[in-house]
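Keeping their order, the protein sequence lines are chains A and B. In terms of my numbering, the first sequence has 24 at position 24, counting the first letter as 1, and numbering is strictly consecutive. In terms of my numbering, the second sequence has 1233 at position 233, counting the first letter as 1, and numbering is strictly consecutive.
Everything labelled a hint here was simulated from the structure, so no lab data went into it. There's no promise every hint is true.
[As the list claims (entries may be wrong)] Restricting the straight-line Cα-Cα distance to at most 25 Å, the calculated cross-link-like pairs of lysine-lysine (DSS-like) are:
no., chain 1, residue 1, chain 2, residue 2
1, A, Lys107, A, Lys127
2, B, Lys1082, A, Lys67
3, B, Lys1083, A, Lys128
4, A, Lys127, B, Lys1009
5, A, Lys67, B, Lys1009
6, B, Lys1009, A, Lys208
7, B, Lys1082, B, Lys1096
8, B, Lys1083, B, Lys1009
9, B, Lys1245, A, Lys67
10, A, Lys180, A, Lys26
11, B, Lys1009, B, Lys1096
12, A, Lys135, B, Lys1237
13, B, Lys1082, B, Lys1237
14, A, Lys128, B, Lys1009
15, A, Lys233, A, Lys255
16, A, Lys67, B, Lys1096
17, B, Lys1082, B, Lys1009
18, A, Lys107, A, Lys128
19, B, Lys1096, B, Lys1083
20, B, Lys1194, B, Lys1082
21, B, Lys1194, A, Lys107
22, B, Lys1083, B, Lys1237
23, A, Lys67, A, Lys26
24, A, Lys107, B, Lys1245
25, A, Lys255, A, Lys269
26, A, Lys135, B, Lys1083
27, B, Lys1245, B, Lys1096
28, B, Lys1096, B, Lys1237
29, A, Lys208, A, Lys26
30, B, Lys1237, B, Lys1009
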Amino acid sequence: MIEVENLTKRYPGVTAVDRLSFNVQKGEVCGLLGANGAGKSTTMRILAGYIPATEGHASVAGFDVFKDSLEVRRRIGYMPENVPLYTEMRINEYLEFRAALKGVPRKERRERIEWVKQQCGLAEVGKKIIGHLSKGYRQRVGLADTLVHDPELIILDEPTIGLDPNQIRQVRELIRDLGKHRTVLLSTHILPEVEMTCSRVIIINRGKIVASDSVERLKQLRRGGGETVLELKADAGAVRSELAAVADVQNVEIKPLSGGYVRAVVFPKANQDLREPVSETVRRMNWGLRELTRRTQTLEDIFLQLTTEDDE
Amino acid sequence: MSNVWIIFKRELMSFFFSPIAYIVLVGILLVNGISCVILIQFMNDQPTDVSVFTIFFNSFFSWLALIVMTPLITMKLFAEEKKVGTYESLMTTPLKNGEYVISKFLAGFVFYIILWAPTAVYFILVSMFSATPLDQAPVYGGFIGLLLIGLLAVSMGCLGSSMTTNQIVAAVITFALFGGLLLVGFLPYAIGGKLREAFQYFSMIYHMEELVQGILDWRRVIFYISGTLFFLFLTYKIVESRQWKA
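Please put together the full structure from these sequences, using the hints given.
This is how it looks when you write it as structure tokens:
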């Protein structure tokens, strides 16, 4: 659906996007992840045909975003960052205006608008003036607008920014639903968002791709993690020697806690799951156990690793 | 072309939601009303054989209304959308740059007509109460002049507004363009010879003087139309420049 090849955007003195190449298949929900200023918005603006790239090619549904900009724009629903809207219009008027502009035939317009309002939880508030809406509702109007012409590709720039936790959950659910039938490209700097909504993630740092894979694969690929953490009522020296003797253990770190407890972190040699052998040792030694858990690496850890690794 | 209609409709409607539009509307009514009353009073005291409207359309008041009010109505056309960001959401729909410029221009021009339309009432009132039948030529000439000047002024406004995201800057640019042309229009009255004739081509005051005498010179029409196209072309280029490769 999206093909990007060596995409570069230079502003005087800054390279916002640096030789970016990636593909997004039909039906994928793909997340562009990066810190503020990493080049996410610029990439999306180029894909939406708003600004041209300095170098490289990008195509959407087989159309070049520069040469066939109009054809591309017919096929996408794009929601810019901060969701600009005409505040003096009513929701119904705005959606009618946008649907007409995006070429929804007059006969189908009412039906489409009713449908998107239903989808975005706007069914009851169609007569409200956009300027009087809360941020969450404005976001929904923006989403409804991107859907109104039933586009093949939906591009959302920071769809949950500025929302309260409840609204964030609703928007995420909506995006996940959308992803069942459509291709979605969304950008964010909130990591759990990607984990919850996306099937694939592209991590961008300073205009360059540092990783591009499924969320699961990314977690597996990165080394480290998988250590087992215990909190025990036992003697620190005994804990260290006993746990170090367990098979596949690389290293044990001990930290004394109050009340006679110690906290032990057991690192495996190669990402093995040590919970069972460790718990056997604990049972054999008859130590008091109040916690045993295996750390899995979160996307946050991966993101931090990837985006700080090449900082000099 | 249906896109032009869609944008035009929204744009024209949005005028009526902005407080500035009402201030301008009232301002123009006030200035023109005062102008009309003063003129009629003056002519009551000192009857001349010149029609009221010969003077009305070329009076200090009507130029004041034009030069102050036009920048105020055109300043928001492009600048506001650029500032708020709706420009981005519009330009990522299948809307052509040309359609966008034309529909903005038309909305501005139609609002300009709405601003001036109430002055037609003066004409009706005066003809109702005047003892002798009113000379119609100055009235038609005057309104044709207003339309032609409006085309040019609104196109200048489009250019000013498209150059910036700040509405005040947009108004000042438009004011400078229109005011500059108006000032050049005084030159034919100050210089003689061949130059005088040359400056008559650019003199809105001179054109108005001709029109209110019932003279419609096609060279003047061509001047305003081509000027309008010129400024719209520049506006189009500015809108298009978003897609230029650096």
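Okay, the hints, checked on the actual structure:
1. A:Lys107 <-> A:Lys127: Holds, at roughly 21 Å.
2. B:Lys1082 <-> A:Lys67: Holds - the C-alpha atoms of A:Lys67 and B:Lys1082 are around 24 Å apart, at most 25 Å.
3. B:Lys1083 <-> A:Lys128: 24 Å, holds
4. A:Lys127 <-> B:Lys1009: Holds - the C-alpha atoms of B:Lys1009 and A:Lys127 are around 19 Å apart, at most 25 Å.
5. A:Lys67 <-> B:Lys1009: Roughly 30 Å separates the two Cα atoms, so the pair is violated.
6. B:Lys1009 <-> A:Lys208: Distance ~43 Å between B:Lys1009 and A:Lys208 Cα, so the pair is violated.
7. B:Lys1082 <-> B:Lys1096: 16 Å, holds
8. B:Lys1083 <-> B:Lys1009: Holds, because 21 Å separates the two Cα atoms, which is no more than 25 Å.
9. B:Lys1245 <-> A:Lys67: Within the cut-off at roughly 12 Å; holds.
10. A:Lys180 <-> A:Lys26: 11 Å, holds
11. B:Lys1009 <-> B:Lys1096: Since the Cα atoms of B:Lys1009 and B:Lys1096 sit roughly 17 Å apart, the hinted pair holds (cutoff 25 Å).
12. A:Lys135 <-> B:Lys1237: With Cα atoms ~35 Å apart, A:Lys135 and B:Lys1237 exceed 25 Å; violated.
13. B:Lys1082 <-> B:Lys1237: 16 Å, holds
14. A:Lys128 <-> B:Lys1009: 20 Å, holds
15. A:Lys233 <-> A:Lys255: 12 Å, holds
16. A:Lys67 <-> B:Lys1096: Status holds; Cα separation ~13 Å.
17. B:Lys1082 <-> B:Lys1009: 19 Å, holds
18. A:Lys107 <-> A:Lys128: 24 Å, holds
19. B:Lys1096 <-> B:Lys1083: 20 Å, holds
20. B:Lys1194 <-> B:Lys1082: The hint is violated at about 45 Å.
21. B:Lys1194 <-> A:Lys107: Given pair B:Lys1194, A:Lys107 is violated - Cα atoms ~63 Å apart, limit 25 Å.
22. B:Lys1083 <-> B:Lys1237: With Cα atoms ~19 Å apart, B:Lys1083 and B:Lys1237 stay inside 25 Å; holds.
23. A:Lys67 <-> A:Lys26: Judged against 25 Å, a Cα distance of about 22 Å means the pair holds.
24. A:Lys107 <-> B:Lys1245: Measuring from Cα to Cα gives roughly 39 Å; hence the hint is violated.
25. A:Lys255 <-> A:Lys269: 21 Å, holds
26. A:Lys135 <-> B:Lys1083: Given that 25 Å is the threshold and the Cα spacing comes to 19 Å, the pair holds.
27. B:Lys1245 <-> B:Lys1096: 18 Å, holds
28. B:Lys1096 <-> B:Lys1237: Holds, because 12 Å separates the two Cα atoms, which is no more than 25 Å.
29. A:Lys208 <-> A:Lys26: 23 Å, holds
30. B:Lys1237 <-> B:Lys1009: Holds, at roughly 23 Å.
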